[in-house]
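J.: Each chain, letter by letter, is given below.
Protein chains: 2
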Amino acid sequence: MADLARMSINQATTREQHSLAQAITAYTQAGVPGISIWRDKLAACGLDEAVRMVNDHGLRISGLCRAGQFPAADAATRQANLDENRAAIDEAAALGAECLIVVAGGLPDGSKDLPGARQMIRDGLGSLLPHARAAGVAMAIEPLHPMYAGDRCAINTLSQALDLCDDLGDGVGVAVDVYHLWWDPHLQAQIKRAGERILAFHVCDWLLPTTDLLLDRGMMGDGVIDIPQIRDWVERTGYGGLIEVEIFSAENWWKRPGDEVIRTCLERFKSNV
Amino acid sequence: MADLARMSINQATTREQHSLAQAITAYTQAGVPGISIWRDKLAACGLDEAVRMVNDHGLRISGLCRAGQFPAADAATRQANLDENRAAIDEAAALGAECLIVVAGGLPDGSKDLPGARQMIRDGLGSLLPHARAAGVAMAIEPLHPMYAGDRCAINTLSQALDLCDDLGDGVGVAVDVYHLWWDPHLQAQIKRAGERILAFHVCDWLLPTTDLLLDRGMMGDGVIDIPQIRDWVERTGYGGLIEVEIFSAENWWKRPGDEVIRTCLERFKSNV
Chain A
-3 MADLARMSIN QATTREQHSL AQAITAYTQA GVPGISIWRD KLAACGLDEA
47 VRMVNDHGLR ISGLCRAGQF PAADAATRQA NLDENRAAID EAAALGAECL
97 IVVAGGLPDG SKDLPGARQM IRDGLGSLLP HARAAGVAMA IEPLHPMYAG
147 DRCAINTLSQ ALDLCDDLGD GVGVAVDVYH LWWDPHLQAQ IKRAGERILA
197 FHVCDWLLPT TDLLLDRGMM GDGVIDIPQI RDWVERTGYG GLIEVEIFSA
247 ENWWKRPGDE VIRTCLERFK SNV
Chain B
-3 MADLARMSIN QATTREQHSL AQAITAYTQA GVPGISIWRD KLAACGLDEA
47 VRMVNDHGLR ISGLCRAGQF PAADAATRQA NLDENRAAID EAAALGAECL
97 IVVAGGLPDG SKDLPGARQM IRDGLGSLLP HARAAGVAMA IEPLHPMYAG
147 DRCAINTLSQ ALDLCDDLGD GVGVAVDVYH LWWDPHLQAQ IKRAGERILA
197 FHVCDWLLPT TDLLLDRGMM GDGVIDIPQI RDWVERTGYG GLIEVEIFSA
247 ENWWKRPGDE VIRTCLERFK SNV
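For the record, the sequence lines run as chains A and B. Under our numbering, think of the first position of the first sequence as -3, with each following residue one higher. Under our numbering, think of the first position of the second sequence as -3, with each following residue one higher.
Hint data in this document are derived by calculation from the structure and do not stem from the laboratory. Fair warning: there could be bad hints in the mix.
Copies of the same chain are indistinguishable here, so a pair counts whether it falls within one copy or spans any two.
Mimicking EDC-like on lysine to aspartate or glutamate, the simulated pairs with C-alpha atoms at most 20 Å apart in a straight line are [what the hints assert, rightly or not]:
1. 251 to 218
2. 37 to 231
3. 266 to 222
4. 251 to 44
5. 188 to 163
6. 188 to 166
7. 108 to 218
8. 108 to 212
9. 108 to 222
So that you can see chain A by itself, here it is in the shape it has in the complex (with noise of 0.2 Å):
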């Protein structure tokens, strides 16, 4: 059974229901001690005001979501990209955020050239890291799962996104989603590689049927992932960090009350996390 105490909600998760003051303080007054917060719903809130909440009700912040986007087609817009992700980065260091998430990108509009993207990807992160580094922000590339290749994120294995941590250094990590990597055959092993470059952990579930490729994640326990098995592989690297509960989920979840998705996400994590 996986340990309240490290629970954290994605705000996503009540998108339609809460700004981010409301979330901080749904969250906090069910007893969930973590939040991971998005960047358009923080730029309504303010920054400081949301250092002032987080820092008032001692809450974590397991990521800040996110950076990344790195492909484009021209070098002005990839250019632009990185000034963006810079200000993503000054934004998780004024929280404290544990980590930044980093959502590669998908093709450039008009290309077809994958590799060219991941190439793309390595770059961007590349040039990102100094700035991260000297800020204390750590990144963590989150592969998707390969049917956002295209449109989202490059990046769709956790083997891809290791070799990317190779390559790159100090000051960069993984988020480990198991919506995104739950049917990956070499998951457990590429876990263990991952070792202590885990930065944050996700869980969901994967819904039969899923009818929509984006906004069909389901609650835990109503799908088919085997979510405590991946938490144990997990947690045999040592991660003690936050377990992010984290559904887009456009026809169900986001049309209920958020104290029903609350007290649901509560009490699957502890009955299927």
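With chain A held as given, fit chain B onto it using these hints.
T.: Coordinates of chain B only, in the frame set by chain A:
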């Protein structure tokens, strides 16, 4: 440019428009030299009549769809699936199909044990192989995209399929479908590894956005897959077999006149394969 003399169309591409007899007539009239046949359509036509028609038209059969579905919750169901698979082998032999496509199956109902399902796949294939070898039918394991790991096929990379081939020996090879494999950073290396074990090569395209996990495949050229690059890798192995267009498209191509679909397949085969 791909050679039209090597073109095949999977009859699922005009599933809503054509019976098997209609597909054979329409593809032949359009000058397409190959077809891939589905067993439900074959049953509706009758095996003898189908054999007569393909012989009369001199059509090549790039594959029979399909064997597989090995994992099941109980031994009786697994045995029934094997019996069904033997019938598929006999049909492939009668038709002179160039391979029998194997879609291995996903998790048994209620199971979260993906390694267990993969073991059932290995065992099921092993049980079938003597019958397939005796019938002279080559079984083509088709790795399916990781988004199908739960409900359709727990063999999700070419590497996994080739490991199975290594394990099982003669009589089994692979089907390379760009839709399932295009995202894999190891694809080039694994195609090279496959060598003469490539028994089928399937093309369509990955649309951005993709609106349905199963039935929103794109016509070649409408998506982001670098098909000529993958075809080049396949042909460097010495593969000179048919190149099969297979498009499941409930909201687009299945709603258009069959002749328009076939004509577009021919045009795009020339321009985008």
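J.: For every hint, state whether the structure bears it out.
T.: Cross-check of the supplied hints:
no., hint, in the structure
1, 251 to 218, "within (17 Å within a copy, 34 Å between copies)"
2, 37 to 231, "neither (31 Å within a copy, 50 Å between copies)"
3, 266 to 222, "within (14 Å within a copy, 45 Å between copies)"
4, 251 to 44, "neither (30 Å within a copy, 54 Å between copies)"
5, 188 to 163, "within (18 Å within a copy, 25 Å between copies)"
6, 188 to 166, "within (18 Å within a copy, 34 Å between copies)"
7, 108 to 218, "between (36 Å within a copy, 11 Å between copies)"
8, 108 to 212, "between (27 Å within a copy, 19 Å between copies)"
9, 108 to 222, "between (34 Å within a copy, 6 Å between copies)"
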